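Colleague: Below are the chains, spelled out letter by letter.
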Amino acid sequence: MPDFLQFCVSGLTVGAVYALVALGFTIIYNASDVVNFAQGEFVMIGGMTTVFITAAGVPLHFAIPAAILAAMVIGLLLHRLAIEPARGASAVTLIIITIGASIFLRGGAQIVFDKQFHSLPAFSGDTPVMIGGAAVLPQSFWVLGGAAVIVALLWFFFNRTLLGKAVLATAANRLAARLVGINTSFVVGFSFVLSAAIGAIAGILVAPITLTSYDIGALLALKGFAAAMLGGMGNPLGAIVGGLAVGLLEALGAGYISSTYKDAIAFIVILAVLFVLPGGFFGRASTERV
Amino acid sequence: MRALLAHRLAAPVAIALIVVALAFVLPSNFYLRVAALVWISALAVIGLNLLMGFAGQVSLGHAGFFGLGAYAVAVLPAQFSLHPLLALLAGALVCGLIAFVVGRPILRLKGHYLAVATLGFGILIAMAIANESWLTGGPDGMPVSRLTLFGWRVRGASTWYWITGALLVLGAWLAVNLVASPTGRALRALHDSEVAARVAGVDVAHYKLIVFVISAVYASVAGSALALVNGFVTPDSANFIHSIELVTMVVLGGMGSVFGSLVGAAILVVLPQVLTTFHDYEHLLLGLMMMVIMIVLRSGIVPSLAALIRRTRP
Amino acid sequence: MSILKVEEIGIAFGGVKAVDNVSFSVEAGTVFSIIGPNGAGKTTLFNLVSGVYRPRRGRVILQGEDVTGLEPNRLARCGLSRTFQNLQVFFRMTALENVMVGRHLKERRGLLAHLLALPSTARQNRESAEIARQLLERVGLAEYAETPASAMPYGALKRLEIARALAAEPQVLLLDEPAAGCNPVETEEIETLIRRIADEGMTVVLVEHDMKLVMRISDRVHVLEQGQTLTEGRADEVRANPKVIEAYLGTHGTREASLALG
Amino acid sequence: ADTIKIGSSLAITGPASFLGDPEAKTLELYVKKINEAGGVNGKQLELVVYDDGANANKARTFATRLVEDDGIVAMIGGSSTGATMAMIPVFEDAGIPFISLAGAVVIVDPVKPFVFKTPHTDKMACEKIFEDMKAKGIAKVGMISGTGGFGKSMHGQCLGVAGNYGIEIVADETYGPKDSDMTPQLTNIKSAPGLQAVVNPGFGQGPAIVTRNFKQLGFDVPLYQSHGVASKSFIELAGDAAEGVRLPASALLVAEKLPDSDPQKAVVTGYKAAYEEATGQPVSTFGGHAYDGLMMLVEAMQRAGSEDPQAIRDELEKTSGFMGTAGVVNMSPSDHLGLDLTAFRMLEIRDGDWVLAD
Amino acid sequence: MAPGRPPLRSDDPLLKIEGLRSGYGRIEALHGVSLEVRPGEVVALVGGNGAGKTTLLRAISGVQPVTAGGVRFSGTDLTRASAHARVKAGIAQVPEGRQIFSPLSIEDNLRLGAYLRKDAEIAADLERVYDLFPVLKERRRNPAGGLSGGQQQMLAIGRAMMSRPKLLLLDEPSMGLAPVLVDQVFAIIARLREEEAVTVFLVEQNAFAALSIADRGYVIETGEIAMTGSGRELLTDERVREAYLGV
Ligand SMILES: Nc1ncnc2c1ncn2[C@@H]1O[C@H](COP(=O)(O)OP(=O)(O)OP(=O)(O)O)[C@@H](O)[C@H]1O
Ligand SMILES: Nc1ncnc2c1ncn2[C@@H]1O[C@H](COP(=O)(O)OP(=O)(O)OP(=O)(O)O)[C@@H](O)[C@H]1O
Ligand SMILES: [Mg+2]
Ligand SMILES: [Mg+2]
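Residue numbers (our numbering), protein chains in the order written: chain A, 1 to 290; chain B, 291 to 604; chain C, 605 to 866; chain D, 867 to 1224; chain E, 1225 to 1471.
Please keep in mind that the hints were generated in silico from the structure rather than gathered at the bench. Only a predicted model underlies this, so the values are computations on that prediction, with no experimental measurement involved. Honestly, I wouldn't trust all of these hints.
Computed beta-carbon distance windows for the label pairs [unchecked claim]:
hint: 1; chain 1: D; residue 1: G1136; chain 2: A; residue 2: L81; range: 22 to 28 Å
hint: 2; chain 1: B; residue 1: V310; chain 2: C; residue 2: E793; range: 53 to 59 Å
hint: 3; chain 1: B; residue 1: V310; chain 2: D; residue 2: D935; range: 20 to 26 Å
hint: 4; chain 1: D; residue 1: G1026; chain 2: B; residue 2: W452; range: 40 to 46 Å
hint: 5; chain 1: B; residue 1: V310; chain 2: C; residue 2: R712; range: 45 to 51 Å
hint: 6; chain 1: E; residue 1: E1242; chain 2: C; residue 2: S627; range: 57 to 63 Å
hint: 7; chain 1: B; residue 1: L312; chain 2: D; residue 2: D1201; range: 43 to 49 Å
Glycine is no exception: its CB is placed at the ideal position from the N, C-alpha and C atoms.
Bound-form chain A, shown alone (with noise of 0.2 Å):
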C-alpha cells in the first residue's frame, strides 16, 4: 500500500507537467488548429530563464516573474515573427513552422544558455513530508497546486469570457470569425502569449525535481501531445486528466510491470483508450455532419 501510493505521488507529479504542457497545447489549439511542437521549449525557457537569472543573484521571486515574461515576449515574437506571416498556410505546414521554431529555441538557448543540467532550490525546501507512507517532497505540491489553479482559471476563461469564446470561434471558423469582427491575429497572438506563460510557470515549478537543461522541450511535447490527445484535444480538463493519467501510466508501470517498458505501457494505453473513445476522453462528440 505505501509503495502504490509512493507510485501515484510521483505519477501525480509527472503527469502534473504533462498536463500543463498539454493545457499550452490546447490553448494554442483552440485558438488556431495549430499543434505547437514549440510548447516544450516553453517550458525549458521558464525554467533555465530562473536559473539564469537567480545565478546572476536576482531572488527568486523575482526572478520567476521575469522568467515567465521572458517566455510570453518569445510567445509573443513567435506568433508575429513566424505565424502570422504565414497566415492562411494548412495546418500542417504551421505545424512544421512549430517544429522548426523549437529547434530554433533550443539552438538558441545552448548559445545563450549553457549545455548543462541546472536544478532550482525548491521552494519549501527538500525535506520529504510523510503521506501514509509515501515520501513526498513539498515542491509536489507547488507542482500540483500550480496546474489545479491554472486549470480552474482556464476553464473560467473558455467557457465564462467572451474572448475566451472568441478563441475558440477563431479556431473553429476564421472566416466566420472576422466576419463577426473577431480580430483573430490578435487572439491567436494572445493565445500563444498565454500558452508560454503557463509552459514557463510549469518549467518553473518543476525545475526544482526534475532538473532542466536546454533540450527538455522536445520530450516533453512528447508526452504533452500524446497526453492531450488522451484527454480529447482541444479540452482544458482533458488535459489535465490526460497528463495526469499519462504521468500515472508511467509511474504504476514502472512500479508494477517493468520500468524498461513503462513508456511502452503507457503508449499501450493511450492506443487501446484511442481504440475505444476515438476523440479521447473528453474530445467532443463529433458534431461533424453532412
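Given the coordinates of chain A, assemble chains B, C, D and E with the ligands onto it according to the supplied hints.
Modeller: Positioned in the frame of chain A, the structure of chains B, C, D and E with the ligands alone reads:
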C-alpha cells in the same frame, strides 16, 4: 514546356536525370555518400508522401518501419544466415504485414488522434529495438554484414550511389503510376471527403490500409538500404526524431509532390552538412531556415515554386 | 415494382428524434420528392438510406434486398448514389477528376496493374475521363473540366456533385437540394436534367425547397414534419393540404406551387 | 602538406553533449597550445571537428567526410559507443588511426588494427565497484540502470562480473535517458529483501535524479554511481543528496588532493588548471579522455617522425608508460586500451566535493 | 427610425464602391465594379453562378483582397481597413454557406455576433432573435453543428443581426430555407429597414422575391455590373426576366 512538366512521368524522369548528372559532378566519395543518403531518405519520403500528401493520413511513426527494415538486414543475416537481399525482402514483407495488422484499427482514427496513435506505435518499435539487446545489440547498435551479389562484394560509395539512386527512381516511378491510377484517385478523394468517397463506392478503410502498407514497405526498403550502406545500425533510425524528420521532409518538399519528396529529403540531409561548419549556431540556423522556407513557400517548395512559375509565365 | 422501400425507420441525436418511424416506398423510374420544414429530418433520412448513419430502428430495402445499416460504399455497389446538401466535393481535384472518382466502381482495380502502369490502366483512365467529360457536358460544366473544384462557384459545385453521382450509373439517385444556390433559369436546367434522368429509367429521390421544381417534376411527394410523416400524395394533393400549407408552404410556397402547377 | 590534419566527430549537442562538449573544448584548447609551442614535427596541427549529436548515421557521414574530403591523418572521438561503432569501418577501410573516447569494451574487444580508445571500460568500473563492496562485506546489491547505451552496456558488464566478487543482484530496475522521476523504481529496490547497496550505471542527469530520489525515499544503504557522473555538475545537481555517494573515477577529479608523491599528480593538475582557466567550467573526466587521446597521438607522431597514418598507428600501438588523466597507458597489439584497474580510484563525495575514499 | 442616429441625407451613399477589382491568384473575378447603396435602401444584386456576387460581398467585408478600386462607407475610406474595423463601423454579413461556429453552442454563436458591442441591450437582442427563430432558443445550449441546413441559415442571419449593423450584407439568405421561412426572411429584411433603419445589400438567386422588396437592383455578369435600375424596372426588364427570372 508546361505540358511536359505536367506529364505523369516528369518526376521520375527528372529524378533519374539528376542521379545520372550528379554522378559526374560530385567530386569525392564523401559527396557520393551524402547523395546516397539523400536518395535513401527520398525513397522513404515518397512512401510517406503517398500516405500524407495524397491520402491525407499522418504518420508520426514511420521511422518505426524504417528501423525495422534496417534491423531486418542486420539481424536476419546475423542470426539466421539469411542472404541480405532476402533479408531486405523479408523486412519489407514484415513491415507490410505489421502495417496491415495495425493499420485497420489505427486508421480509424483521424487527424491528430491518428498522429498520436502512429507516434505511439513508432515508439513501441523503437523501444523494442533499443531494449532487446540480445537480438539487436541494444542502444549501441549492431554491425551489418556486407552485401554480396553473385560473389561480388558490394562496397564503395559510388556503387551504393548507383544502387540507391536506382531504387529511388524505381520508387518514384511506382509512386507516380499509383497516383495517376484509379487507386490514386480514390486516395486523393478520401483525403478531401471521406463520406463523398464512400458514397462513390470507395472502400475507405481498405484504401487507407493499402496506402499505409505501401508506405510502410517504402520506409522498410529505405531502412534496409541505409543499413547496408552504413554497415551498421543503431536505434536512432527508428526513433521518434527520425519520424518527425521524415514528416518534415514531406512538408518541406511539398505534400503530394513526388519530386518534392526528393527536394525535401535533400534539404534536410544536406543542410546539416553545410551548417555543421557554423558549430554552435548549427541548430539555430537549421530551425531558422525551416521556418523561413515554410513561411515563404507555404505549400512546400516544389508546389509553391511551380505555382510561381505558372503565375509569371502564363 | 417499388425499387426502394423504407420501413418504420428512425434515429435520434441526444434526445432529438430527427427521424421517427417513417415509411415510404418509391416506384422504379419515378421522381419521389421529400419536403418539409427545416429540421424536419429530410437530410437525416437521406443519411439513413445511404448508410451514412445507422438507423436505430426500421429497415431499408433496395431492389428487394434488406440493406439496412450497410456501409455507403456497399450501398453504392447495390446501385445507390447521392449528393449532399452541404457540399462534399473533392476540393483538391479538378472537376473532371471529381467525376472520375464517381466511376470508381466501374473501374478495374488491380493494384499491381496500377503500380506498374500497365496499358490496361491507361485505357481505364481514358475511358473514365471520356465518360466524365460527357457527364460534365450534360450538367453544363464542360468549361470547368480542368478547373480545380476549389475555384468553382457554389452553384456549379452542386451540379458537379450530380455529375459525380451519375457517373456511378446508379439505379436510385438521392438529390439533396440540388437547386439551392441556383437562380430560376439554372433551376430549370436542373429540372430538365432530372427529368431526362428519370426518363432513362433511373429513380430519383429529391429533397428540395424550390416548390416550382418539386411540384412540376414529382410523381409523388412525401411530407415530413419534426421527423414524422405528415402526408404523402401527388403534388397537387399535397399542395392543397392545409396542414402542409401551414407548416411548410406558407404564401411564398403556395404561390410558387401554383405557378408550377397552374 | 604544411599542416597535420586531425579529425574529430563528437556529440557536442544532443543527449550526450556533456561528453562531447568538454571533449571538443579540450581538443581545441590543446591543439592551440601545441601549435603555439611550435606544433608537431615542425608542422602545425589543424583540427576539424564535427558535431554528430551522438547519432550514428551522422557520425558515419562525418567520418567519410573527414577521410575523403578533409584528408585527415588521424581521428580522435566518437563520444558515444554507437557513433564509434558506426565509424569504425570507415577508418579501418581507409587505414587511418582512430582513437575513440567512448566507453564500451566492444570498441577494442576484439582488437581492430586501427582502433584505440582512452576511457576506462564499463567492465572495469563494475569490477572496481564490486571490489570495494567485497571489501566492505556487501553481497546483496540492487541495480538501477539507464537504458541509454552507456547504462545498458555497463549493466550487462556488471551482471557478467558480479559472480566473480560474490555479489548477488537482488533488484534490477531501469530508467529512460530523459526520465525525470525514478521513485517508483527505487521504491521497488528498497523493498528487496536483504538489500545492502545500490549501484547506478548511467550518465547525464539521470544519476543526479536517482541520487535525489534515493535520499527522498530515506534509504539506509550506500549508493554507488559510475564513472559516468565524474563531473562537478553531478554534485551541484544532486545537492545534499550526493553526500556519501561513492564512485570509481580517474584521479583528475581529486587532482589537488593527490599526495605529491603520486606520479599522476602533475598531469591531472596541469590539465585541470588549463581547462578551467580556458573555459570557466569545472573539469570533467570526459574532457580528460580527449586530452589523453590527443597527447598519445602527438607522442606517436613525434616518435614516428612522420604523419603517415600507418606509421602513426604502429607507434600508437607501442605506447607505453604514457601518463594520462585516466592513468598509465601501456598498449600492445592485443590491447588497444592499455589501462588497468589501478588507474581507477574509488572516490566519495564529502561536503560537496570529491575525496579519495579510504 | 431608431432614436439617437443622426439622420443621413438619403442621396449621400452609405456604401460606395468604385472600380473594384479582385480575384483569386491569377484569376480576376471582379473587373472594376462600381455601385452604391444609400442609407435606408434595400438593394438587390442578381447574377448567375460564378458572376462574382460572393466575391464582391467578401471584398466589402474585408475578407477578400482587393487589387484596385475603393470601398467607402459612411464617408470614410475602408479599402484598406481590417475586417474587424469594418464590423465596428457597422457592416455585417450573412455569408454564403452559413459559416457558423460548429462546435460552439447556438447561444455562443449569437453572442459572438455582438462581439464588438459593449451596450446593455445585447440580452434583449438575443431574445429578439429567439423570437424570430424559436428553434434556436429550444436548442441554444447545443452545438450549432448539429443543426439542419436551414436552421444553420437562421442562425447565420440571427448572428449578423446581433451586431446591430448599419449595413447588412446578405449572401443568398433564403438558400436552403423552407418556403414559409423564405417569406419570413423577406419580411424580416423589410422590417429591419422600416423599424431600425438598417440598410440592406442583398444577393439572391430568388431574384423575383429579392427584386420585389428591393428599392433598387444591380445585375452582375462575369465580374461586371451589366445593368441597374429600380426593383420594379428590373423585374419588368425583358432581358432580366429571360436570364434570371425564367419567365
Ligand atoms: N449529427 C447530428 N447531431 C445532432 N443533431 C442532428 C444531427 N443530424 C441531424 N440532427 C438534427 O435532426 C433534425 C433533422 O435534421 P435534418 O438535417 O435531417 O433536417 P432537414 O429536414 O434536412 O432540414 P433542412 O431543410 O434545413 O436541411 C434537426 O433538428 C437536426 O438538428
Ligand atoms: N477560391 C477560389 N479560387 C479561385 N477562383 C475562385 C474561388 N472562388 C471563386 N472563384 C471564381 O471567382 C468567380 C466568382 O465566384 P463567386 O463565388 O463570387 O460567384 P457567385 O456569383 O457568388 O456565384 P454563386 O451564385 O454560384 O454563388 C468564379 O468564376 C469562380 O470560379
Ligand atoms: Mg437538409
Ligand atoms: Mg456565391
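Colleague: Does the hinted range 43 to 49 Å hold for L312 (chain B) and D1201 (chain D) at CB?
Modeller: 45 Å, holds
Colleague: Using the Cβ atoms, figure out if V310 (chain B) sits within 45 to 51 Å of R712 (chain C).
Modeller: For R712 (chain C) against V310 (chain B), whose Cβ atoms are near 35 Å apart, the range 45 to 51 Å is violated.
Colleague: Within 20 to 26 Å or not, the Cβ separation of V310 (chain B) and D935 (chain D)?
Modeller: 22 Å, holds
Colleague: For the hint 40 to 46 Å, verify it against the beta carbon of G1026 (chain D) and that of W452 (chain B).
Modeller: 44 Å, holds
Colleague: Look at the Cβ atoms of G1136 (chain D) and L81 (chain A) and judge whether their distance stays inside 22 to 28 Å.
Modeller: Given about 48 Å between the Cβ atoms, the range is violated.
Colleague: Range first: 57 to 63 Å. Now tell me if the beta carbons of E1242 (chain E) and S627 (chain C) are that far apart.
Modeller: 59 Å, holds
Colleague: Falls inside 53 to 59 Å, the C-beta gap from V310 (chain B) to E793 (chain C)?
Modeller: Roughly 55 Å apart at Cβ, these two residues keep to the hinted range, so it holds.
Hints 1, 5 from the list above are not met by this structure, while the remaining hints are.
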